[in-house]
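Colleague: Each chain, letter by letter, is given below.
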Amino acid sequence: MATALRHEPNDAAELRSSRRRLVIDSLGIIASVLGFGVVYGLSARAAGFSLVEAMAMSTIVFAGGAQFAAVGYVASGVAWPGIVVLTAFLNARHLLYAAGLAPYLAHRSRSLRAVLAFFLTDETFAMSIAHFNRIGRADLAGYGFAALAATFVPWNVATAAGVLLGGSIPDPTRFGLDVIFPAAMGGLAVGLISGRRELVAGLAAIAIALSVSIAWDPAAGLIAGGVLGPLAGIAMPPAVRTKGAAPA
Amino acid sequence: MSVRLVVLALLMAAVTYPSRALPLVTPGIERLPRLALEYLRLVGPAVLCALAAVSVGIVLDAARHPSLHIGFEWVAVLACVAVVAWRRNLLFGLVVAVALVAGVRALAAV
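Line by line, the protein sequences give chains A and B. Using the numbering used here, you'd call the opening residue of the first sequence number 1 and step up by one each time. Using the numbering used here, you'd call the opening residue of the second sequence number 1001 and step up by one each time.
It should be emphasised that the hints constitute simulated quantities derived from the structure, not laboratory data. Hints are supplied without guarantee of correctness; some may be wrong.
Simulated DEER-style distance windows between Cβ atoms [what the hints assert, rightly or not]: (1) A:Asp11 x B:Ala1108: 48 to 58 angstroms; (2) A:Gly82 x B:Trp1086: 45 to 55 angstroms; (3) B:Pro1033 x A:Arg108: 15 to 25 angstroms.
Which stretches of chain A does chain B cover? Using the computed rule of at least three CB atoms under 8 angstroms from a CB of chain B, they are [as the list claims (entries may be wrong)]: (4) 88-95; (5) 117-129; (6) 189-197; (7) 201-215.
Because the structure is a prediction, the values reported are computed rather than measured. Using N, Cα and C, we set each Cβ at its ideal position, and we do this for glycine too.
Next up, chain A with everything else stripped away, as it sits in the complex (with noise of 0.2 angstroms):
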């Protein structure tokens, strides 16, 4: 992997811009987590979850797919430990990203890494890799935004007033908000697409993910699409690239 490019006396300029762009970016993202935060808490609230329930799951797994389910499954009277499975089998996702985040992060404390891993959710990895990508390298700014600004905090504000305001809230999906999250994920993959081994990577993992998804189940279809998409993309002669690697 090509080193990062240094040229100090842009870095200060790049990474305002880098971060401004970010803050713009997490607004959509911000207004997703917030309705389905609150779709979350409505439906902690009718599947019996007390308010320190519905926010235990939101600060302690931190994981929306995961919890969603988790609530459909205790409303079915599902015992703990096929909860607990299904949370592993859908959080291993994360794995990924942990692993494309890593080379960013190497130089940084082992400690500090272990702190930073409890934020990393889809939305934090989205907004942090492609702000890395900008500036080549990682900024813990940036990461903390993303993480806690931009997702923990909507996230758990958002859990807590559909607990406690109920069925006084709207529907989100009547505004089209459930589009935000699929809409920002290929937004933000846009701004990762520098060359062909990226968009084949992409395509392949797309074609893989729904294929794995139809057939099996969509989290099995995240990490295959995740695993196997990389592959055809490094099957691919690399383009020339000139930024946006990670520090090797």
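With chain A held as given, fit chain B onto it using these hints.
Modeller: The following block gives chain B in isolation, referenced to the frame of chain A:
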């Protein structure tokens, strides 16, 4: 107020955290072979594309059986991708996507 499910939350977190942390705290990842680092670089676009496609293209029925969903949401996501590629502005792309979906749903409800 019940707190019984807090224990379930702790168990769920206990199986979630390792997948978030293991690759990050494993020593020596920066010393991986060039090809392995190139693979990791491609994980980003691959995972984001897979997330977008599965989120918009797969629906689960009440029994959590998956099926392919072809709807206007695909057009909205592609519109967002096109706007981002053109203007490099995700927020603008998201506004376009949400407006398209909200508009079509409002028309369908009439």
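Colleague: Now tell me, hint by hint, if it's right for this structure.
Modeller: Outcome of the hint check:
no. : hint                                     : in the structure
1   : A:Asp11 x B:Ala1108: 48 to 58 angstroms  : 50 angstroms, holds
2   : A:Gly82 x B:Trp1086: 45 to 55 angstroms  : 46 angstroms, holds
3   : B:Pro1033 x A:Arg108: 15 to 25 angstroms : 22 angstroms, holds
4   : 88-95                                    : holds (count 6)
5   : 117-129                                  : holds (count 7)
6   : 189-197                                  : holds (count 6)
7   : 201-215                                  : holds (count 11)
Against the hints set out earlier in the document, no violation occurs for any number.
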